[in-house]
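J.: In case you want the letters, here they are:
2 protein chains.
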Amino acid sequence: MAAKPKLTYFDFRGAAEPIRYVLEYSNVEYEDKRIQVEDWLELKPTIPFGLLPTLEINGKVINQSTAICRYYAKKVGLAGSDDFEALQIDAIADTVVDLRTAIGMYHWRTPEAEKPARAKVLKTENIPTYFSQFEKILKENDGYFVNGKLSYADLLFAGTAEYFNNVMKFDVFEGYPLAKALVEKVHNLPRIKEWVARRPQTLL
Amino acid sequence: MAAKPKLTYFDFRGAAEPIRYVLEYSNVEYEDKRIQVEDWLELKPTIPFGLLPTLEINGKVINQSTAICRYYAKKVGLAGSDDFEALQIDAIADTVVDLRTAIGMYHWRTPEAEKPARAKVLKTENIPTYFSQFEKILKENDGYFVNGKLSYADLLFAGTAEYFNNVMKFDVFEGYPLAKALVEKVHNLPRIKEWVARRPQTLL
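Listed in order, the protein sequences are those of chains A and B.
Reminder that position 174 of the first sequence reads as 174 in full-length UniProt numbering, one-by-one numbering, no gaps.
Reminder that position 52 of the second sequence reads as 52 in full-length UniProt numbering, one-by-one numbering, no gaps.
Only chain A is shown next, with the shape it has when bound in the complex (with noise of 0.2 Å):
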């Protein structure tokens, strides 16, 4: 028998928690391995790339949130039926994570001094430009962002809803009605609603 799945971050939702969602939904066995930040200096160069998450499956270990999202996601139909509804679905993820980096970037490699200038463009011109995008596709897609059906793209998207709002501190999805919605929807599903309940409690 093959050993469960272990995925490995620090003890903190980030980058692993649109994983989890998906590991939850898919009902997938797997170890939750939460590392403590002042374990990471000793770990890290055991960790190919230097960077987490990674998850060991197979006896390899392998790194890429949303390569690892979109490997379980094509196991429970949500990574497209056809190879353009994956390509849809791949490129609204690419775009979540790269919304989620830059506001990463401005959390954690920001001078303090230069935290209010980046928070402004941060809250007045890059949420708006992607938020108002991501209005326009949920519209256009029945309240999804693809195709008016349940993708991983909506659970990674929901899945990084909370670490938005608490970095950037206020509620980046004020004004956006769809994409607050879809967020309310994922985790109304049940599985996602349990997990949500019983997981960890953590600052990040």
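Since the hints were made in silico from the structure, they are not lab data.
Treat the hints with care, since some could be wrong.
One copy or any two copies: either way a pair holds, since identical chains are not told apart in the list.
Listed below are the simulated BS3-like cross-link pairs for lysine-lysine, each with C-alpha atoms no more than 30 Å apart in a straight line [as the list claims (entries may be wrong)]: (1) 136 to 33; (2) 139 to 6; (3) 60 to 149; (4) 60 to 44; (5) 120 to 44; (6) 33 to 74; (7) 139 to 4; (8) 123 to 44; (9) 6 to 136; (10) 193 to 75; (11) 4 to 136; (12) 139 to 44; (13) 44 to 115; (14) 60 to 180; (15) 74 to 149; (16) 4 to 193; (17) 4 to 74; (18) 44 to 136; (19) 123 to 60; (20) 139 to 60; (21) 180 to 44.
Knowing the structure of chain A, use the given hints to seat chain B on it.
T.: Chain B only, in chain A's frame:
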């Protein structure tokens, strides 16, 4: 008859060149639309998410270069023969793009005064971390990134090689013979060789 897909980017290689490699390898007819930098400010508000490259296909405008590579790669067997192979290919592709993004941020977004320090970190830390891991993976996979056979991750890497060197202004492949050999192998594929010989000469 459906219109030819239209790829829109700047008159650079950058993030579009891997798509062009996959399209050329796949013998897909496409329009290689190249916009001038001075026209960008006018065009930007009309582009979803305000970023290039985009692909117009089936009446939609799709963003995200790696998703577009994967879409065409699937049609010619370069995106994995099963889900686990696809996962490994996708993870390498996203990792190459992470390094490309870091190098692009250095080039386009770092204030001049900070560039020497940032270049040093890239040269002595980031690039060795990525390339030593690439080299290890290539050794384990008979000179390709996944399972000893060509995939779109190899095309993406080879289509980015020149960008790495041109931006960093040193041979990032020095000391990494398998990475260098992979680029040569890809550039010796007949359709890629023909493309590289006839493609527009550009700065980046």
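J.: A separate judgement is required for each hint: does it hold in the structure or not?
T.: Now for the hints, and whether the structure bears them out:
| no. | hint | verdict |
| --- | --- | --- |
| 1 | 136 to 33 | between (37 Å within a copy, 25 Å between copies) |
| 2 | 139 to 6 | between (37 Å within a copy, 25 Å between copies) |
| 3 | 60 to 149 | between (32 Å within a copy, 18 Å between copies) |
| 4 | 60 to 44 | within (17 Å within a copy, 42 Å between copies) |
| 5 | 120 to 44 | between (33 Å within a copy, 20 Å between copies) |
| 6 | 33 to 74 | within (23 Å within a copy, 33 Å between copies) |
| 7 | 139 to 4 | between (39 Å within a copy, 27 Å between copies) |
| 8 | 123 to 44 | between (33 Å within a copy, 19 Å between copies) |
| 9 | 6 to 136 | between (37 Å within a copy, 22 Å between copies) |
| 10 | 193 to 75 | within (21 Å within a copy, 37 Å between copies) |
| 11 | 4 to 136 | between (40 Å within a copy, 25 Å between copies) |
| 12 | 139 to 44 | between (43 Å within a copy, 22 Å between copies) |
| 13 | 44 to 115 | both (27 Å within a copy, 26 Å between copies) |
| 14 | 60 to 180 | between (37 Å within a copy, 24 Å between copies) |
| 15 | 74 to 149 | both (14 Å within a copy, 23 Å between copies) |
| 16 | 4 to 193 | within (23 Å within a copy, 44 Å between copies) |
| 17 | 4 to 74 | both (18 Å within a copy, 29 Å between copies) |
| 18 | 44 to 136 | between (41 Å within a copy, 17 Å between copies) |
| 19 | 123 to 60 | between (40 Å within a copy, 28 Å between copies) |
| 20 | 139 to 60 | between (40 Å within a copy, 15 Å between copies) |
| 21 | 180 to 44 | between (36 Å within a copy, 26 Å between copies) |
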